[in-house]
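Asker: Sequence:
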Amino acid sequence: MGLLLFLGSLLIGGAMLLILAFRTPFAKADSFGEIFTENSSKYTLLLMSVDSREGSSPHIESINLFSLNPQSKTAVMISIPSELKLNNLAEFGEISLSSLYAVGSGNDPDHTKSITTVSDTLENILAIPIDKYIITDQKGLKNIEDEANMELTWSNFNELLSLRELLRFPNLVTTLHSSLASDLSFQELTTLGKLLLSIREDKITKLELREEDFKEISILDRKLAGNVFDPQIYEERLSIQVLNGTTIPAQAQQASRLIQNMGGRVVDTGNTTDQNSERSYILVRNESSYTLSKISKVLGINTIRVYNSSYGIKDRADISVIVGLDTASKK
Numbered sequence: 001m002g003l004l005l006f007l008g009s010l011l012i013g014g015a016m017l018l019i020l021a022f023r024t025p026f027a028k029a030d031s032f033g034e035i036f037t038e039n040s041s042k043y044t045l046l047l048m049s050v051d052s053r054e055g056s057s058p059h060i061e062s063i064n065l066f067s068l069n070p071q072s073k074t075a076v077m078i079s080i081p082s083e084l085k086l087n088n089l090a091e092f093g094e095i096s097l098s099s100l101y102a103v104g105s106g107n108d109p110d111h112t113k114s115i116t117t118v119s120d121t122l123e124n125i126l127a128i129p130i131d132k133y134i135i136t137d138q139k140g141l142k143n144i145e146d147e148a149n150m151e152l153t154w155s156n157f158n159e160l161l162s163l164r165e166l167l168r169f170p171n172l173v174t175t176l177h178s179s180l181a182s183d184l185s186f187q188e189l190t191t192l193g194k195l196l197l198s199i200r201e202d203k204i205t206k207l208e209l210r211e212e213d214f215k216e217i218s219i220l221d222r223k224l225a226g227n228v229f230d231p232q233i234y235e236e237r238l239s240i241q242v243l244n245g246t247t248i249p250a251q252a253q254q255a256s257r258l259i260q261n262m263g264g265r266v267v268d269t270g271n272t273t274d275q276n277s278e279r280s281y282i283l284v285r286n287e288s289s290y291t292l293s294k295i296s297k298v299l300g301i302n303t304i305r306v307y308n309s310s311y312g313i314k315d316r317a318d319i320s321v322i323v324g325l326d327t328a329s330k331k
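174 is the number that this note's numbering gives to position 174 of the sequence shown; each next residue is one higher, with no gaps.
I should point out that these hints are in silico values taken from the structure, not numbers from a laboratory. Hints may contain errors.
[Unchecked claim] No farther apart than 27 Å at their CA atoms in a straight line, the calculated lysine-lysine pairs in the DSS-like style are these:
| no. | residue 1 | residue 2 |
| --- | --- | --- |
| 1 | Lys73 | Lys314 |
| 2 | Lys194 | Lys206 |
| 3 | Lys215 | Lys85 |
| 4 | Lys113 | Lys85 |
| 5 | Lys85 | Lys203 |
| 6 | Lys85 | Lys194 |
| 7 | Lys203 | Lys223 |
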């Protein structure tokens with residue numbers, strides 16, 4: 001439903017409404033400019049429907065990841081249980097995703113901190129890069145359906161957007177204006193809107209994750225396999241090794257899992273001899289691959305060098321990712 005509301009704002013309001021309708025974008029620490037472009041081969045949106053009625057703490061009604069492939073005009077909608085129990089979070093102990101969103105919202109009127117916390121947590125659990133977000137208000141969605149006297153579905157959305165229907169519902173634009181928030185730029189909104197119009201409903205795969213799927217990482221990754229990978233990374237088939245350059249356990253394994261879910265061919269995961277790397281870096285044979293650019297952007301590693309004996313890392317793969325303290329501290 002969040003996607004439908006977003007598309008409505010894009011088509012109904014025009015450029016000026018979009019500029020006004022979306023709150024000021026906030027960038028994650030590792031953001032890297034425009035994400036959604038015509039030439040992108042994969043990107044993933046966080047879609048959340050939030051109930052933020054006065055008198056009660058805001059909570060998540062539904063949470064989904066929408067993974068799009070512009071080249072094949074296909075998409076995957078991944079449904080995530082909002083009451084998923086999260087363990088071992090340093091600040092909160094055991095807490096649900098929905099409650100995680102509500103924590104601290106009293107001092108966060110735009111809920112940007114709450115959104116970032118949920119997004120970063122999902123990235124860590126699922127090992128899937130999340131590029132941007134679209135948040136919808138459940139009350140606003142209900143108001144649109146009530147005014148139009150129809151339930152919003154993919155099949156009847158074009159009917160709702162027809163000029164005849166829009167003239168019947170003059171409050172629709174205002175309702176859309178107050179019911180959406182996103183960190184997408186105007187250019188990204190335009191590109192995404194054009195893509196959404198080109199995807200048929202039967203080209204959208206629906207994948208429902210259940211709480212039991214999260215008990216074992218191997219089970220979760222098998223269920224996600226083939227649904228979220230970047231086809232361009234997969235087709236390049238470059239060999240990748242991921243090495244932990246710190247004394248913090250499991251850093252290489254987490255980065256390796258993320259790269260594999262992106263479609264990367266990880267051939268080795270281990271530790272560097274000297275585990276005192278303050279900064280992460282990447283060693284390569286070729287500096288011009290798409291796989292390298294994507295890994296660099298997703299992991300937020302900007303230091304890229306051609307293999308050199310001075311680094312003490314043997315040239316055993318096309319790409320070697322060395323995880324330092326700067327990257328480890330973000331996890």
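Asker: Hint by hint, say whether it matches the structure.
Answerer: Here's how the hints hold up against the structure:
1. Using a Cα cut-off of 27 Å, the hinted pair Lys73 and Lys314 is violated, with the two alpha carbons roughly 40 Å apart.
2. Proximity of Lys194 to Lys206 is assessed by CA-CA distance (about 21 Å); at most 27 Å being required, the pair is judged to hold.
3. A C-alpha spacing of about 10 Å is found between Lys215 and Lys85, which places the hinted pair at or below 27 Å, so the restraint holds.
4. For the proposed pair Lys113 and Lys85, the alpha carbon gap of about 20 Å is at most 27 Å, so the pair holds.
5. Of the pairs offered as hints, the one joining Lys85 and Lys203 is violated, with about 31 Å between alpha carbons and a cut-off of 27 Å exceeded.
6. This hinted pair does not check out: Lys85 and Lys194 have alpha carbons roughly 37 Å apart, beyond 27 Å.
7. With a CA separation close to 19 Å, the supplied pair Lys203 and Lys223 stays within the 27 Å bound.
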